[in-house]
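A.B. asks: Working from the sequences, and respecting the hints, build out all of it.
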Amino acid sequence: MIAQRQMHAGEASALTMSALAALLEQRTGQRIAANRAWRIDTALKPIATERGMASIDALVAEVRGGGNAALADQIVDALLNQETSFFRDAGAIETAAEAIATVATGRPRIWCAGCSTGQEPLSLSMALTEREVEHELIATDVSGHAINRARAGRYSQFEIQRGLATMRMLRWFDQDGSDWIARPALVRGINFRRSNVVLDTPPGRIFDGVLCRNVLFYLAPDLRPRVLDAIADSLRPGGLLMLGAGETVIGQSDRFAPSKRFRGLYELVAPKPAA
Amino acid sequence: MKSCLVVDDSKVIRKVARHILEGLDFTVSEAGDGQEALDACRSKMPDVILLDWNMPVMSGMDFLRALRTTDAAPRPKVVFCTTENGVAHIRAAIDAGADEYVMKPFDRETLASKLQIVGVA
Ligand SMILES: C[S@@+](CC[C@H](N)C(=O)[O-])C[C@H]1O[C@@H](n2cnc3c(N)ncnc32)[C@H](O)[C@@H]1O
Numbered sequence: 001m002i003a004q005r006q007m008h009a010g011e012a013s014a015l016t017m018s019a020l021a022a023l024l025e026q027r028t029g030q031r032i033a034a035n036r037a038w039r040i041d042t043a044l045k046p047i048a049t050e051r052g053m054a055s056i057d058a059l060v061a062e063v064r065g066g067g068n069a070a071l072a073d074q075i076v077d078a079l080l081n082q083e084t085s086f087f088r089d090a091g092a093i094e095t096a097a098e099a100i101a102t103v104a105t106g107r108p109r110i111w112c113a114g115c116s117t118g119q120e121p122l123s124l125s126m127a128l129t130e131r132e133v134e135h136e137l138i139a140t141d142v143s144g145h146a147i148n149r150a151r152a153g154r155y156s157q158f159e160i161q162r163g164l165a166t167m168r169m170l171r172w173f174d175q176d177g178s179d180w181i182a183r184p185a186l187v188r189g190i191n192f193r194r195s196n197v198v199l200d201t202p203p204g205r206i207f208d209g210v211l212c213r214n215v216l217f218y219l220a221p222d223l224r225p226r227v228l229d230a231i232a233d234s235l236r237p238g239g240l241l242m243l244g245a246g247e248t249v250i251g252q253s254d255r256f257a258p259s260k261r262f263r264g265l266y267e268l269v270a271p272k273p274a275a
Numbered sequence: 001m002k003s004c005l006v007v008d009d010s011k012v013i014r015k016v017a018r019h020i021l022e023g024l025d026f027t028v029s030e031a032g033d034g035q036e037a038l039d040a041c042r043s044k045m046p047d048v049i050l051l052d053w054n055m056p057v058m059s060g061m062d063f064l065r066a067l068r069t070t071d072a073a074p075r076p077k078v079v080f081c082t083t084e085n086g087v088a089h090i091r092a093a094i095d096a097g098a099d100e101y102v103m104k105p106f107d108r109e110t111l112a113s114k115l116q117i118v119g120v121a
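If you're matching them up, the sequences are chains A and B in order. The numbers in UniProt numbering rise by one with no breaks, and the one at position 47 of the first sequence is 47. The numbers in UniProt numbering rise by one with no breaks, and the one at position 96 of the second sequence is 96.
Calculated directly from the structure, the hints in this document are not laboratory data. Positions of the beta carbon are idealized from the N, C-alpha and C atoms, including for glycine. It cannot be assumed that every hint is accurate.
Unchecked claim - Simulated restraints on C-beta separations:
#: 1; chain 1: A; residue 1: GLY144; chain 2: B; residue 2: ALA73; range: 49 to 57 Å
#: 2; chain 1: A; residue 1: THR201; chain 2: B; residue 2: LYS11; range: 30 to 38 Å
#: 3; chain 1: A; residue 1: GLY91; chain 2: B; residue 2: GLY97; range: 19 to 27 Å
What the hints assert, rightly or not - Here's a subset of chain B near chain A, in silico, CB distances under 10 Å, partners left out:
#: 4; residue: ALA40
#: 5; residue: ARG42
#: 6; residue: GLU109
C.D. replies: As structure tokens, this is what we get:
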């Protein structure tokens with residue numbers, strides 16, 4: 001009920017709204033109400049218009065009952081908050097790069113979970129390469145659209161300068177009209193994949209570090225411990241986790257503890273509990 | 001509180017920048033061209049200068065070159081802020097001693113992130 005009241009329903013019916021909430025939660029584990037700024041109308045109107053549909057109700061009716069998977073994908077994409085920027089939260093990426101390079105025994109292997117349009121893994125890759133640390137980076141997101149954009153490495157003028165130092169922009173990107181495109185040398189080392197942190201199981205014990213920033217916040221609370229558990233399983237002993245600035249593992253998982261050596265990161269402490 | 005000198009011949013841009021900068025806890029002063037900016041720096045050197053490129057009387061580049069020949073200590077940070085968005089312009093600004101470069105239009109987050117990058121925010 002509360003969730004529905006917080007949604008800005010605009011013209012869409014209550015039935016449409018609950019169908020949308022269900023669709024989003026099924027596909028991504030996200031609660032629509034967690035993001036108060038969401039305006040369903042603004043997000044979905046362009047899709048309805050593009051398809052010549054008169055209303056959001058008509059649009060959602062089309063996907064209810066599992067019909068039209070491509071359209072459902074497009075709707076889910078439009079409802080996701082994909083806000084991101086280069087080197088988001090001053091110093092965080094540098095800290096992560098430094099810390100992960102320190103704990104890794106060989107070539108660091110890192111997973112960016114919920115990487116959106118790629119600014120986060122690209123930032124991490126820049127920071128590591130500038131430290132002359134060869135690395136393997138896997139970047140995943142539930143949104144196919146976001147992953148395609150990340151793979152293309154093309155950013156608008158507005159996106160490129162948010163958080164990115166000019167020297168880095170000149171070193172790592174080429175200008176194309178008013179866009180900026182990541183150099184192949186930067187993108188080549190990153191394996192972008194569409195994958196869902198709630199439904200897909202990551203490979204076990206292979207990562208030295210996982211960045212899962214500003215993703216858990218939007219998830220239904222009961223899913224957060226599960227996702228943290230899957231992340232813990234994917235880390236090798238001594239591996240590190242970085243969450244978003246406002247996120248914590250406290251009260252959600254006892255397999256991590258705040259790192260004493262690296263501020264803002266969590267260390268894997270507890271082994272997998274016996275089944 | 002850090003101080004910022006906003007150098008732009010557009011009153012509107014100065015106003016927008018002032019609004020953002022005051023929100024970021026800067027004390028703000030303004031200049032309408034490079035010469036006015038040099039005069040302002042001679043009387044009180046700011047921590048950071050937000051600098052437009054094309055201005056009457058003295059351009060941003062001429063101002064920057066003049067500023068970098070004075071040995072003011074501590075050296076103020078200079079963030080170019082202009083509609084010139086080509087690589088050649090950006091490189092020229094950096095070569096002339098700019099610390100950062102913002103392409104107009106910009107918003108609060110972009111400016112805040114650039115000020116953080118140069119170490120004044
Ligand atoms: C707010 S963005 C954060 C991006 C980046 N990590 C950052 O901090 O800047 C959240 C991202 O998580 C993705 N996401 C949401 N639910 C997901 C899920 N169940 N599995 C994988 N990614 C998900 C969204 O598509 C979106 O791109």
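A.B. asks: Does each hint hold? Answer for all of them.
C.D. replies: Now the hints, each set against the structure:
1. A:GLY144 with B:ALA73: 49 to 57 Å: 54 Å, holds
2. A:THR201 with B:LYS11: 30 to 38 Å: Violated, since THR201 of chain A and LYS11 of chain B (Cβ atoms, about 59 Å apart) do not stay within the stated range.
3. A:GLY91 with B:GLY97: 19 to 27 Å: 25 Å, holds
4. ALA40: Since the shortest Cβ distance to chain A is 24 Å, the answer is violated.
5. ARG42: Check failed: Cβ of ARG42 of chain B comes no nearer than 27 Å to chain A, outside 10 Å.
6. GLU109: 6 Å, holds
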